[in-house]
Every structure is written in structure tokens, then in C-alpha cells.
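Chain by chain, the residues:
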Amino acid sequence: MGCVQSFREICDRQKNTNVRLSLPAVCFVWQTAMIILFGVFIRYNEESDTHWVEHRKANNISSDIENDFYFRYPSFQDVHVMIFVGFGFLMTFLKRYSFGAVGFNFLIAAFGLQWALLMQGWFHSLDYTDGKIKIGVENLINADFCVAGCLIAYGAVLGKVSPVQLMVMTLFGVTLFAVEEYIILNLIHARDAGGSMVIHTFGGYYGLSISWMLYRPNLDQSSRLQGSCYHSDVFAMIGTLFLWMFWPSFNSAITDHGDGQHRAAINTYLALASTVLTTVAISSLFQKHGKLDMVHIQNSTLAGGVAVGTAAEFMLMPYGSLIVGFCCGIISTLGYIYLTPFMEKHLKIQDTCGIHNLHAMPGVIGGIVGAITAAAATESVYGREGLVNTFDFEGAFKDMVPTRQGGHQAAGLCVAICFGIGGGILVGCILRLPIWGDAADDNCFDDESYWEVRDEALHDLGGVQQKTCLLWK
Amino acid sequence: MGCVQSFREICDRQKNTNVRLSLPAVCFVWQTAMIILFGVFIRYNEESDTHWVEHRKANNISSDIENDFYFRYPSFQDVHVMIFVGFGFLMTFLKRYSFGAVGFNFLIAAFGLQWALLMQGWFHSLDYTDGKIKIGVENLINADFCVAGCLIAYGAVLGKVSPVQLMVMTLFGVTLFAVEEYIILNLIHARDAGGSMVIHTFGGYYGLSISWMLYRPNLDQSSRLQGSCYHSDVFAMIGTLFLWMFWPSFNSAITDHGDGQHRAAINTYLALASTVLTTVAISSLFQKHGKLDMVHIQNSTLAGGVAVGTAAEFMLMPYGSLIVGFCCGIISTLGYIYLTPFMEKHLKIQDTCGIHNLHAMPGVIGGIVGAITAAAATESVYGREGLVNTFDFEGAFKDMVPTRQGGHQAAGLCVAICFGIGGGILVGCILRLPIWGDAADDNCFDDESYWEVRDEALHDLGGVQQKTCLLWK
Amino acid sequence: MGCVQSFREICDRQKNTNVRLSLPAVCFVWQTAMIILFGVFIRYNEESDTHWVEHRKANNISSDIENDFYFRYPSFQDVHVMIFVGFGFLMTFLKRYSFGAVGFNFLIAAFGLQWALLMQGWFHSLDYTDGKIKIGVENLINADFCVAGCLIAYGAVLGKVSPVQLMVMTLFGVTLFAVEEYIILNLIHARDAGGSMVIHTFGGYYGLSISWMLYRPNLDQSSRLQGSCYHSDVFAMIGTLFLWMFWPSFNSAITDHGDGQHRAAINTYLALASTVLTTVAISSLFQKHGKLDMVHIQNSTLAGGVAVGTAAEFMLMPYGSLIVGFCCGIISTLGYIYLTPFMEKHLKIQDTCGIHNLHAMPGVIGGIVGAITAAAATESVYGREGLVNTFDFEGAFKDMVPTRQGGHQAAGLCVAICFGIGGGILVGCILRLPIWGDAADDNCFDDESYWEVRDEALHDLGGVQQKTCLLWK
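These protein sequence lines are chains Z, L and H, in that order.
In terms of UniProt numbering, the first sequence opens at residue 1 and continues consecutively.
In terms of UniProt numbering, the second sequence opens at residue 1 and continues consecutively.
In terms of UniProt numbering, the third sequence opens at residue 1 and continues consecutively.
There's no promise every hint is true.
To give a feel for the contact side, a few chain H residues facing chain L, derived at Cβ under 8 Å [stated by the list, open to error]: (1) Met34; (2) Ile35; (3) Gly39; (4) Ile42; (5) Ser48; (6) Thr50; (7) His80; (8) Val81; (9) Val102; (10) Ile135; (11) Phe235.
Calculated pairs, PhoX-like style, for lysine-lysine (alpha carbon to alpha carbon, straight line, at most 20 Å) [as the list claims (entries may be wrong)]: (12) H/Lys15 - Z/Lys15; (13) L/Lys291 - H/Lys15; (14) Z/Lys291 - L/Lys291; (15) Z/Lys15 - H/Lys291.
Simulated from the structure, these hints should not be mistaken for lab results.
Backbone N, C-alpha and C define an ideal beta-carbon position, used for all residues, glycine too.
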């Protein structure tokens, strides 16, 4: 008896979910570091500085409406909703991990966007005259994009890691993101407006690799909590729909002014519509009585938006967008039906939200579609100026041709995959250290580990009963 | 005993909700058809094409910000939210049909908008030089509008039809919509910015006629499920509020640039505010203890936005908007209290969401308000140029005068009603065929017919008990 | 026995929650008054009138995109979402007052914005040539802002007052708001873009003073209902996130075109991000096992947006925003832990939503930050023109200097506090009259007082049981 107890104590010590010291310490120290680094490095750019009025006159800009703010702010707010409500609520589907889903998503996004402003700033927005990073609305969008990569990764480990681990994952994720983004966009000169490669492929494989490193052989001990209840599925639909509706803004947020933003929005709108129909078709076809599965509707309907990300700004043509969406709805839903169980059983990758089907695979498809579309671009379709503008064949790359651009796109995709897998394994090693306060195998997917849960009904009940009665909520 | 069983078997065969073949077949075939038709017909318009930069220079457009994208995209995204979250969540009020509400809404909207781009394109955006439909952001908005008509109709038959029936309803609904819209806007030259006639009147009567054709005399067998529970009512308020908040964008999305959009937004904002107060007043006044009814708050508060749709771009004046909203809040709420039960009992129209009170009646009022406001327009109020711009007295209609325009508006309203009722009866006939997989009378309003529902608690219980325990969710 | 009964009857008469006459009467009469006043006073301004096209030509405005509508409409819609979904859902956290939270919020906001258009119009938008108030999109935003002040006050008395009392509170609240706003912005010439002083400080102290006047010594009789349940906490997160995400639009909605809006959005975005981390840190640090408290995450994460309101348009610098957010997360969370219980016990202020921690204190901090930032402004940082534009050193105030502006800012803060406390005490006196239909002490926080609640499960149970079973919802 005493033996069992002492064994348990050791276990409890090993798997102590008390983060009372580590979480506040991480938050305080890192936030303080952010303040110092922002103080040293970050300033307003010329469009958000009070000197704008002089800049405007000096550059013959006729009106305040030409400030980049008015081109991008509506899209920025839509992207912002996707990051916090979209990703946050999409993960509330678990019957007893809604606080963790929406709350930790909130925490790591809020930290990640600060770190992203710095990391991306050093690579892209550094003003060499005074050594400062100059930020405007486009930087805010890019910071949100960068955070999206980490939130995708969170989907793979949802319910199995502590908030401290998530912070570490975000710190490294943002850092890796900024580096791979610089390599792909600037050195390789690939185009990736909606981030199929840079965001989704990277984020997907990053999360899957971490999940592989943190494999829990006895996770079935938490299986009673690893499912949805009726209302948690409806909450998750809030996330799905806000992601789905605002994805045209996501893919068009940082594309070229004018036709670039316009075309990216149209392509994404169409791809997503097409995905919904094939997702429904496959979901119904592969269930015994033709019933639809909410998991597919919540997730696979979004795959078209991921897959059209890279090519959204190209002349993909409306029917091209529909075809991309058509294929991705099928592939993503089949992934949920066959691939996710296979990966858990044989590859030891436990993917809570199925990010492989929603982000990693469609991201790779998106990269390939982008490469093909770029390689097939012709002056007759794009027009001379259109070709140069769309693919940015200027400066050091003024001699590029579409076919070569296609090769560069493919190279960019490879870099994203490598960074995702490599970075994930590295970070996974760090997260395996027994110091982070993650829950024991029989205690995953449970908000009570990290949240005050007040439902009095629960306190009247004890032990295992306590968990099964959650179904009544 | 064997007799009873064989009878039941026949019933089950007649009312088999298994859509495992029909639903995937419809989705795949129709989506493939969309891809082919899009390939043949649909291209980017000059503002979303890479040739925009040349077009801009040729037309002396000084800045990318003049691209229609920046005039309409914020409104488009708001309308998009209304279609998917607004309509979807508004219908989640039923205690056990939330998946169907939000999920089937998602499916038919995603299909409908593709078909709408084609149908409306053939009528309005066909470029006769090359036989292609050229699309931009305004077409996306119009496609969403067209879909709204079908989603309104869904409200009348919510919980009583199969997803395959909904797809058929949407296919015909969009087709009829495009034709009546062309007749009303182009041939009759009525103005209908917010679609009081074209969207709400048509959609309302279309749905009511279908519901009349599909009358279920024994629907009370499902009465245990035809109500809300506490949390499903809160979910429905998400739909209500997003519709209410973004209605100014709905009514101003395709009005004239500049003052047209500005005025439409103001009028709608005011009409909706006024409606809330009279809805609350009537709801409280007609209940025994003055208690408010969530059904009224969820629905009637929106009637003002419907009724101000046609006249929103006219010089309705702020007080005029308030008056419209004032009246509609009263009429719509009284409709829920008296008319809906009357229609069900005596006219055999079972209207699940009360779309007659929220869309059909206010739509008709909106058409009348539009006719009166147009007929009363004067040059002293509008200014010479303002009159021509607002009513589009140009081209073939350059000799129109306001009084005659009022007559045309009234004619437009009649066309909308006729198309709604006629089309609904026609489509209702088709939907009565016993091949569509709709549920039996005692099995309506139940997600388990078409969705995998995982609540384990339910599986421990059997028979009727299973249904009544839903209240605990 | 008869004695007890007659005593109860008196109590019931005193505390009769039947508002069947008073609520409809207030709604009808006040809405009718609005129509009349709008008819007499309110017209479209030159940018929303059909004469815009002539105005445009006369003023050499090159394009419709220069209409203020396109500068402010996206922000307006975001603010609108904050008012109705943000404030509404933030208050749904109570397990059995979600209808009242979101429904009464809806009612009073819809009334308040009409009255605000009039009150603010008389002070700010009166055209002296014809005695009319000319409205455009900026007036709609300001009306929403004005309403925000009253909704903040609602947070303090949530669950303890009747809808009629809320209407009275809003009528006086809007009136007081318009007066203090005029004094602070026009007479004192303080700047307050995001309304730290004008909206949050005023609204906070207004609500707290009313709550103090309406102190209920026996409120613990309703303590069984004064808490959250699992799903109501998730609903509240919808409110939190929409407030958090759209706060940059709130603070930038009415700032100067161009860099003013741009900078305000950036500062708010950063301050809010910083607040999240310190809120999490303090929440975890002060709980026994380091568990996070949803109350803090739902509320304190927003404090940074409040505190950066005044200074958002100034050159606060990105790191300055982070510092403001850092401090406010700490102060606000500590407020929930220590100050709210203290105020309830010793100061007799029962603050249901903790608005003192979310609005009043951060509002005061925001006022102070604004004063310091203004006083520290220099021409070298702002540029000559930038300084004049940002602080509006024009007209009667063309001789102002930053240091004096700092003093004026501080004076503005004092006015806001005085109006809040004074107005709240006055209105609280009125609301203590026993005619308003508020609930008895043992019946607070219960939707059944004012709403038809249909959960059948409840009707099978009686007495106290009825209340405790709510936990199962």
C-alpha cells in the first residue's frame, strides 16, 4: 500500500501539472524581454508616423486614402479574427478542453505576434540608416501569419502539452518561421501570398514532428475525454466558419494592391466553395449509413483555402480554383478516415486535430499547384507588365522566366518541409524534458489540469465518475 | 405482429434517411458540372485581371485604390459572414438540429454561390465580345445575395427535409432568382439595393410554398424536438447579432459608390435600431407575465433591415428609416404570435423559423416603402444629378420620372411574389417524390438522421427516453 | 401562517418583476419620441446626401473613394461588433443569465444609439444655417462609443436590475456622456481618441456608483446563480475575443485620416498583446495550484486596450504600448483577486462583471498615460505639422503647447470621474424607487424573471431543486 503510494508520488512529481512558477516566470521574463527589444529596435514606419503628412507631400501622394492602412486594414482585421476566433474555436471541439483550446491559443498568439514582429522585422523591415525596424499594418498581418504557423502546430498536440511547453514551441516556431520565410521568399524568390508552403506546410510538419517526439503510448487512458459533445461541436463550427469566410482575406492580405488582392480573394472564395461539396460527398460516402461526420465538416472544408494559398495571386483561373478545391476536399476527408488512424497506429504520430489532413497535405498540394501555375505562366495571359508585377521579376530577379520560377517554387516547398520536420524534431527533444508540467497519459484533454473549473455538479461526484459525467454538460 | 413489422418495413423504405448514395452523387456530379461550366464561361474581369495595370493607365485611373475591390470588399466580407454565420447560427435554435442548421446551410450556400455566379453572370456580366462572364468582387456579393434567397427558404423547411432536397431546392431557387432578378432590375427597371423584393419577398414565398407542398399532417409526432434549449437559444443569438450588425453592409454592398453606400448604411442602421424597441415592446405586452420570448428577439429584431432594403439608397430620411423599423418590429412580432399558428392550423403551412414574419411580410413592406419613396422623389430633395444617379435614369430609361418609377417598383414587387409562389409550388411538387431521403414525421428536427452524433450518454438510454433526455444537454 | 403569507404578498408586490406594462410603455413612448426628434432635427450630411456628387465637384475631390465612408466604415463595423457581440457575449458568463446579458445589451444599445445621435449631434454636428444635425458614418461610430459607456455600466449591475431600469440608466447615461464629452473634448480641448476617459472612466464610475446606490445586503441569497458553468464560460470568450480583436478599430475609428488611424491601430494591437501575458502570469501565480481563472482571461486581457485609448494616436512608441499593456494586465488581474471582494465587503459596491478592474481603473491609467505622453510631446519627434495635426493645435487653440496640453488632459480625466460618480449617484437615487420591476434578492441572476425559458426538464422539478439543476445545463 505504502509502496503504491510512493510510486504514485513519484509519478505525480514527474507529471505535476502545477505551472504556478514556470508559467508566470516565462510570461513575465519574455514579456519584459519584448519590451526591451521593442524599445531598442521597433519604430513606426513612414505611413504610421506623424511625419506622414510631410512624406505625402514630398512623394506627391494626393490623398490620405493612399496610405497602406486603407488597402490592408480590412483584410488585417479578418486575419486577426481567423487567428484568435478561427483557430481558437476550431479547437474547442473536445468535450472538456474548450478552455485550453481557446485560452492557450490566445496566450501563444499574443506572445508569438510580438516575437514575430521582431524576427520578421530583422529580416524584412530593418532600416539600415538607423538600425530600426519600421512597422506598419503589413507587418501586423505578417506577424499574424507567422503566429498561424505555430497555432497549426498546436493543433497536433492539443490537450497533451502544458502552456509552458506551448510557449517554448511558439518561441522556436516563430524563430524557425522567420528564417525559412526569408530563405523561401527572399533568397529562393518563391512567391507565397497565402502561405501554403511558408505557413501551412511548415506549421503542419513542425507540429507533427513535435507530436511524434512526444508520442504517448498510453494515451488511450484519456480516450473518454478525446471526443466531442453536442455543444462543443457547435462551438467548433464557429471557428470553422470564421476561418472559411475570411480565408479570402488571408490569401489576399499581403498581395499586390489592385488586381492582386482582387484576384486572390476571388480564387480563394471559389476554391473553398468547391471543397465543401466534395468534403460532404466523401464524408457521407464513407460512413455506414451515409451520415455526415462533424470532424470532416469542421476541418476538411477548409483544405481548399490552404491549397490555393500560393497560387491565389496567379492567373489560376476560376475553374482552376474550383479544381484545386475539388481535389483537396476529397484528399483531406480521406485523410481523416484512413490516414490519421494509420499515423497514430504505425507512425506513432498522435494528431489531435488532424492537422496533417487540414494543413500539411493541402499545403504541399498548394506548393505544387503554385509551382505548376508559375511555370505555366505566359505573357499572353498575364500581359508583359502583369507578369513582372505578379512574379516580381525585378531587381536581382529581372531575368527570371516563368519556367524557372516554377523550379524556385518547388525548391521553396522543400525548404518548408525540411524546416518543419527538422525544427519539430529539435523542439520536440527540448519539450521531452520532464520539467514542463505536462499532464500524465490518463489526464490529457482535461481542462482541470490548468484551469479552475467551477461546475459544482462535478464536485459532488468523485473519481472516474467525475469524468464520465462530463457527457452531461 | 408480422403485419405490423411488414408495414413498418414499407414505411422505413419510404422514409429511409440514408443518403449515402444520393448525396455524394449530387455533390460530385454538380460540382463537376460547375468546374466544366466555369472552364467554358467564367474569367476575371478587368479589375481582377493582371491586365488591370494597363487598364488603369489607359483609363487615367490615378491609383490602385480606385479598384472596385476597395469600395466593396469590406461590405462583401460582412455579407459573407451574414450568409454563413448569420443564417447558419440563426437556425441553431432547435435543441437537436444545430448540426443540420449550420452544416446544411454551409453546404447549400457553398453550392448555390457557384451556380449563382453562372446564372447571374449570363444575365448581367456576359462579355459579348468573347462570350465569357467576367467576374469581380461585385459578382461575389451578388452570388451571396442570390444564395440568401435560398437560405431564407431553408428556414421554412428546417428539420423536415433531407440535404438532397435542399440541394435541389437551391438549384431551382438560384435559377428562379436569377430570372426574376433580371426581370425586376433590368426589364422593369425597379431599384432594389438591399433586395427587399428580389431576395426576401421571393425567398420567403418560395420557402413557404415549398413548405405548403410538403405539408406533414403528423408533424406533432416530432413536437418533443421542435423547440429550443437554453444554450441553443444563445447560439441562435450569435446568428441574430451578426445579421443585425452587418445588415447595413448588406443593404449598401452594391449601391452606388460614394453617397449611395453611405446613405444605405445609415438608413439600415437606424431602421434596425428602431425595430429592436418595438419588438421588445410587443413581445412583452403579449405574454402573460410580460416576459420576453427569445423567438421574437432572435427574429423580429431583424425585420427592419429587410423592410428598408429597397429604399435604403433613396432619400428615405433618418426619421423615415425609424418609422419603417418601428412598424416592422410590431408587425413581425405579431406575426409570430398570431399568424404562424394560424398558418399552420388553417393554411397547412408549417414554417419552422417563421420566415413569413421575418422575410416575406417585411419584404413586401419593403417593396411598398420603396415604391412610395421612389414615387415621392423630387428634384429639390435629390438634386438633378442625384435623381439621375440614384434611380439610374439613363440610357433606355432617361425619360423616366419618379412617379412612374414608383409604378415600376410596385410591378417589381408583384413579379417577386409570383416567382416565389409559382416557383415554390413547382419545386415542392418535385420534392414530394419519395426518393429524396427525408425523415418520417416522428423523426423530424433530429440531427441523428443525417449526422454522426457521438454523445455517449444517449447510447446508454433507449427508445423515447433517448429523445427526452436531450433536454439535459 | 396568514401573517407570513400577507408579508410575502407585500414583498411580492414590492418586488414584482412583471414589466408587462412598464417595458412596452417605455419602448413605445421613447421610440416615438425618437422618431419625432429625428424628424425635426436629423438629416444626412453632405457625404451621405445625393448632393454629394455636386459637393465633390465643387470641392475638387477627385474620387468617390475620398468619401469619409471609405475611411471609416470598416472600423465602424468592427466597433459595431464590439458593442453588440463583444459586450453582449462577454456578459453571458453567468450560468443562468445569458438571455439577459445578450438580450438587454441589445435593447439598451439599440435605444442608446438613437438618443446618442441626437445628444451628440446637438453638441457637435449641428448645422447652424438650418438648425439640423447632419449625420454621416463618423456620427454612427460616436453613437456606438456613447452607448459603450452605458454598456460598461450595465456590467456592474448585471443580473440585479430590470430592463426598465436599464432603459432609464441608458437615457441618463447617454445624456451625461454627451455633456461630459463636450466639456472634455471641446471646452477643455483634451484629446481622447479611444475614450479611456470619456468612455471607460465615465462608464465605469457611472456603473459603480449606481451599483453602490442599489446595494443589496442579502444578495448572497442568489449566490447559487452567481457563477459560470462550463459552456457559459466558452460563450463569454466569444465576447472577449471580439472585443480584443477589434479594439484596434475602436481606438482608431475616429482618429485622423492617414497616419492617425494607422498608428492608433498599431499601438492598440501591441498593448493588448502585452496584457494577455501578464494577465496569465498573475492569474496563475495567485491561484493555489497555478491554475488559470477564466474570469481573468475573459476580462483582464482587455485592460490594455482601455488604457491605451487616449494615447493610441500619439507617438506612444511601440514599446510604450507594450509597457502600458504590461502594467494593466497586472493591475486588472490583481483587482479581480483583491479589490472586487474588498469593494463588495467594505464599500458596499457589488460589481457583477468587475468593471472596476476592466474599465474604471484602466481608464484612469489611460487618462494619465495620455496626459504624460501629451506633455512629453516634442517637435523633434512629431514634426511641426505632425504636432499640430495630432493635438489639433488650431483655431482657438493654436497657441497651445504640449506641456499645457498635458494639463488639459489631466483636467479632462477629473471631469470624467466627477461626471461618472455624480451622475451615477443621481441616477441610482432614481432607480431605487420601488416601481421599476427589479427582482428580489433571492431571485437575481435568473433569466426566468424576464424571459420565457422553455427547458422542460426544469418544469418537472420544483423549488430549490429547480435552481441547483441548472448546473446540468
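Here is what the structure says about each hint:
Checking methionine 34 of chain H against chain L: minimum C-beta separation of about 6 Å stays under 8 Å; hint holds. Interface hint at isoleucine 35 of chain H: satisfied, since its Cβ lies 5 Å from the closest Cβ of chain L, which is below the 8 Å cut-off. Nearest Cβ of chain L to the Cβ of glycine 39 of chain H: about 4 Å, under the 8 Å cut. The hint holds. With a least beta-carbon distance of about 4 Å to chain L, the hint placing isoleucine 42 of chain H at the interface is held under the 8 Å criterion.
A cut of 8 Å between beta carbons decides the hint on serine 48 of chain H: the least distance to chain L is about 4 Å, and the hint holds. Given hint, threonine 50 of chain H at the interface with chain L, holds; its Cβ is 3 Å from that chain's nearest Cβ, closer than 8 Å. Because the smallest distance between the Cβ of histidine 80 of chain H and any Cβ of chain L comes to about 5 Å, under 8 Å, the interface hint for this residue holds. Of the supplied interface hints, the one on valine 81 of chain H holds, with its beta-carbon coming within about 6 Å of a beta-carbon of chain L, less than 8 Å.
At its closest, the beta carbon of valine 102 of chain H sits 5 Å from a beta carbon of chain L; the interface hint therefore holds under the 8 Å criterion. The criterion of a C-beta within 8 Å of any C-beta in chain L is met by isoleucine 135 of chain H, whose closest approach is roughly 7 Å, and the hint holds. With 8 Å as the threshold, the beta carbon of phenylalanine 235 of chain H comes within range of chain L, its nearest partner Cβ sitting at about 6 Å, so the hint holds. For the given pair, lysine 15 of chain H sits about 53 Å from lysine 15 of chain Z by alpha-carbon distance, which is inconsistent with the 20 Å threshold.
At most 20 Å may separate the alpha-carbon atoms for a hinted pair to count; lysine 291 of chain L and lysine 15 of chain H meet this at roughly 15 Å. Pair hint lysine 291 of chain Z plus lysine 291 of chain L does not hold up; C-alpha atoms about 40 Å apart against a cutoff of 20 Å. At most 20 Å may separate the alpha-carbon atoms for a hinted pair to count; lysine 15 of chain Z and lysine 291 of chain H meet this at roughly 15 Å.
When held up to the earlier numbered hints, the structure conflicts with 12 and 14 and fits the remainder.
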